[in-house]
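Place chain Y on chain A using the hints.
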Amino acid sequence: MKRMQAWGRVYLLVVFAVMYMPIVYLMYYSFNSGGAMHDFQSFTLKWYRDVLSDDRLLIIVLNTIVVALLSAAVATILGVIGALAVYYVKRQRTKNALLALNNVLIVSPDVIIGASFLLLFTIAGIKLGFTSVLLSHIAFSVPIVVLMVLPKLEEMSPTLIDAARDLGASHWQVLSGVVLPFLAPSIWAGFFMALTYSLDDFAVTFFVTGNGFSTLSVEIYSRARQGISLSINALSTLLFLFTMLLVIGYYVLSQKGGRLYGIGGRK
Amino acid sequence: MTERAWRNWYLIPYGIWLVLFVVAPIVFLVYESFLDLDGHWTLSNYKSVWTPIYLKMMAYSFWYAFLITLVSLLIGYPTAYWLTKTRHKQLWLLLLILPMWVNLLLKVYAFLGLFGTYGLANALLKALGVGPRQLLFTDFSFVFVSVYIFIPFMVLPIFNALEELPPSLVDAARDLGASAWTTFRRVVFPLTLGGVKAGCQAVFIPALSLFMITRLVAGNRVITLGTAIEQHFLVTQNWGMGATIAVVLMIAMAVIVILTGSGRKEGSR
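Going down the list, the sequences are from chains A and Y.
Residues 1 to 267 in full-length UniProt numbering are what the first sequence spells out, letter by letter.
Residues 1 to 269 in full-length UniProt numbering are what the second sequence spells out, letter by letter.
These aren't lab readings, by the way, just hints derived from the structure by calculation.
Owing to the predicted nature of the structure, the values given are computational and were not obtained by experimental measurement.
Misleading hints may appear alongside valid ones.
[As the list claims (entries may be wrong)] Here are the computed lysine-lysine pairs in the DSS-like style, where the Cα-Cα straight-line distance is at most 27 angstroms:
{"no.": "1", "chain 1": "A", "residue 1": "95", "chain 2": "A", "residue 2": "152"}
{"no.": "2", "chain 1": "A", "residue 1": "152", "chain 2": "Y", "residue 2": "89"}
{"no.": "3", "chain 1": "Y", "residue 1": "89", "chain 2": "Y", "residue 2": "107"}
{"no.": "4", "chain 1": "A", "residue 1": "90", "chain 2": "A", "residue 2": "46"}
{"no.": "5", "chain 1": "Y", "residue 1": "107", "chain 2": "A", "residue 2": "46"}
{"no.": "6", "chain 1": "Y", "residue 1": "197", "chain 2": "Y", "residue 2": "85"}
{"no.": "7", "chain 1": "Y", "residue 1": "197", "chain 2": "Y", "residue 2": "89"}
{"no.": "8", "chain 1": "Y", "residue 1": "197", "chain 2": "A", "residue 2": "95"}
{"no.": "9", "chain 1": "A", "residue 1": "152", "chain 2": "Y", "residue 2": "197"}
{"no.": "10", "chain 1": "Y", "residue 1": "107", "chain 2": "Y", "residue 2": "126"}
Looking at chain A on its own, in the form it has when it is part of the complex (with noise of 0.2 angstroms):
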C-alpha cells in the first residue's frame, strides 16, 4: 500500500473522533452524579442502580430480547427457504421479479413499512402488541437474509450437488449434509443481522406497537422526548457493550465467509 498522506490520516481521525463522540459522551455522563450531560460532579454508580431496579424497564427490555431472537430465527428460516426458492427458479424474468419484490421492503422508508403493516394489522384484525410486532420484524428481516444467503448460493459449485446426488442422496440429504452446511456462514451471518435491525427498529415498532406492549427503542424516544435523564445514559452504556458482544461474534462469522457482506440497510 502506498503511504498515507499526513492529512488524509488527520482528517480519518477527525472523522473518527465526531463518530464516536456522541457514544464517549453518552457513556461519560452516564456517572454523572448531577441531573444533567454537562457539568461533570462526581463519579456515581445511581443511574445503574437505577436502571437495573426499574422493573418495567427490565420487562421491556426482556420483550426486545425475545421479540429478536424469535423474529431473527423466524426471518432466517423464511429467508433461506426463499433464496433456495429464488435459485431454483429457472426462468431469469420470474427470478428478477422475485427479487424485486423481495427488496421492496429493504428500500422502503421504515414510516412507509411502518404505515402499511399497521393498516395490514388493523384489516387482518390483528391486536396491536406482542404479536404485530414480532410479525412486522419477522417480515421486514426476510428479504436481509434473503439477500445475504442468496450471493454464496449462487457461489456454490453445482458438481458439489451433482457428487451427492450421483452417490444416490435424497434431496433433503443434500440439502441438509451438502447444501445447508455450505451456507452456514451466510445463515449466520443473515442471522445476526436480523437480529441487531430488531434490536435497533424504532420507527416500525413505533407504528404497530400497541399501548401495552413496548421495546426499547419506542422507550428511549417516549422518554427523550421528555428531556434527558441520566439513566438513558446509563441504559445506553449496557447496550452498547451488549452490542458490542454482538458485533464481534458476527464479525468473527463474517470473516469465516470470507467478507463483511451486507451491512447497511436499515437505519
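Chain Y alone, transformed into the frame defined by chain A:
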C-alpha cells in the same frame, strides 16, 4: 417428493410471505389513500396534496434530503478514499460502521446533550470566541444529526467500489504523466460512480422520511414527509391522508431509483 416438487415447495412459504407482507400492505395503502375520514371513497386526499401546504412540505423534504445527501457525500467520499489507504482497512471500516449498531434513538438523544446550551459543542464555540449559540432545534442540528446517522451508508458502497478499482489503472494514469488530481478526476472518480450512486440512494431515500430526528432535535421546526405520515397515522388519525402522502412518496422514490439506475451493478463493472 420428486426434485421438482421440492423446488416448488420452497416457493410456497416464501410466496405466502411475499403476498402477505409485501403485496398486501402496498395494496391496502393505495386503497386507504382513496378513503376520507368517514371511510368513504374520495379523491380529495389527492387534491389536498396539490395545495400549497403539502407542496411546500414536499419541497422542504426534498431539499433537506438533498442537502443531507450532498453533505454525506462530501464527507463520506474522502473518508472512504482514505480508509482504503490504511493498513488494516477492514478493521478500520468495521470501527467506522460500529456506531451503526448503537441504537439510533440513543445517538439522536446524545445530541440533546452535545448541542444543548451548556453542551460540548457550545463549550467549543465559546473557546473559539464565537460564544454560545442556539444549536438545538434548528435546521443545522437536523442536517448535522442526519448526516451523522447516514455517513456509514454512504461510506460503505464507496469503499467497496474503491476496493474493486484495479490499482493498475491508477498506476497507468500516473505513468502517463497525469497529476494526482487529474488521476482522481479522470480515472478514480468516474470508475467509482456506481458506489457513489448506491450511497446517494441509501441516504436520500431514508432521509426523505425521517421523523424521529425532526421530533427530537429539530423541535418540530422541520416537517418532512415522514413527519407528516407519522402525524396523520398516529396523532390526527387521518389515515387516508397519511396513506396518500405515503403513496406519493413511494412514487417519488420509484422515479428516483429508476432515474439513477441500480448503483450496485455498475459499481462492480
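Each hint tested on the structure:
Note on residue 95 of chain A and residue 152 of chain A: the hinted pairing holds, with a Cα-Cα distance of about 16 angstroms set against a maximum of 27 angstroms. Between residue 152 of chain A and residue 89 of chain Y, the direct Cα distance comes to roughly 23 angstroms. Compliance with the 27 angstroms bound is thereby established for this hinted pair. The straight-line distance between the Cα atoms of residue 89 of chain Y and residue 107 of chain Y is roughly 25 angstroms, inside the 27 angstroms bound, and the hint therefore holds. Only pairs whose Cα atoms come within 27 angstroms are accepted, and residue 90 of chain A paired with residue 46 of chain A is rejected, the gap being roughly 62 angstroms.
Distance check on the hinted pair: residue 107 of chain Y and residue 46 of chain A sit about 22 angstroms apart at the alpha-carbon level, within 27 angstroms; holds. Between residue 197 of chain Y and residue 85 of chain Y the alpha-carbon distance is near 22 angstroms, which keeps this suggested pair within the 27 angstroms criterion. Of the supplied pair hints, the one linking residue 197 of chain Y and residue 89 of chain Y holds, its CA atoms being roughly 22 angstroms apart against a limit of 27 angstroms. As the CA atoms of residue 197 of chain Y and residue 95 of chain A are separated by approximately 24 angstroms, the hinted pair is consistent with the 27 angstroms bound.
For the hint linking residue 152 of chain A to residue 197 of chain Y, the alpha-carbon distance of about 25 angstroms falls within 27 angstroms, and the restraint holds. Among the hinted pairs, residue 107 of chain Y with residue 126 of chain Y is consistent with the structure: their alpha-carbon atoms are about 24 angstroms apart, no more than 27 angstroms.
This entry does not satisfy hint 4, going by the numbered hints stated previously; all others are met.
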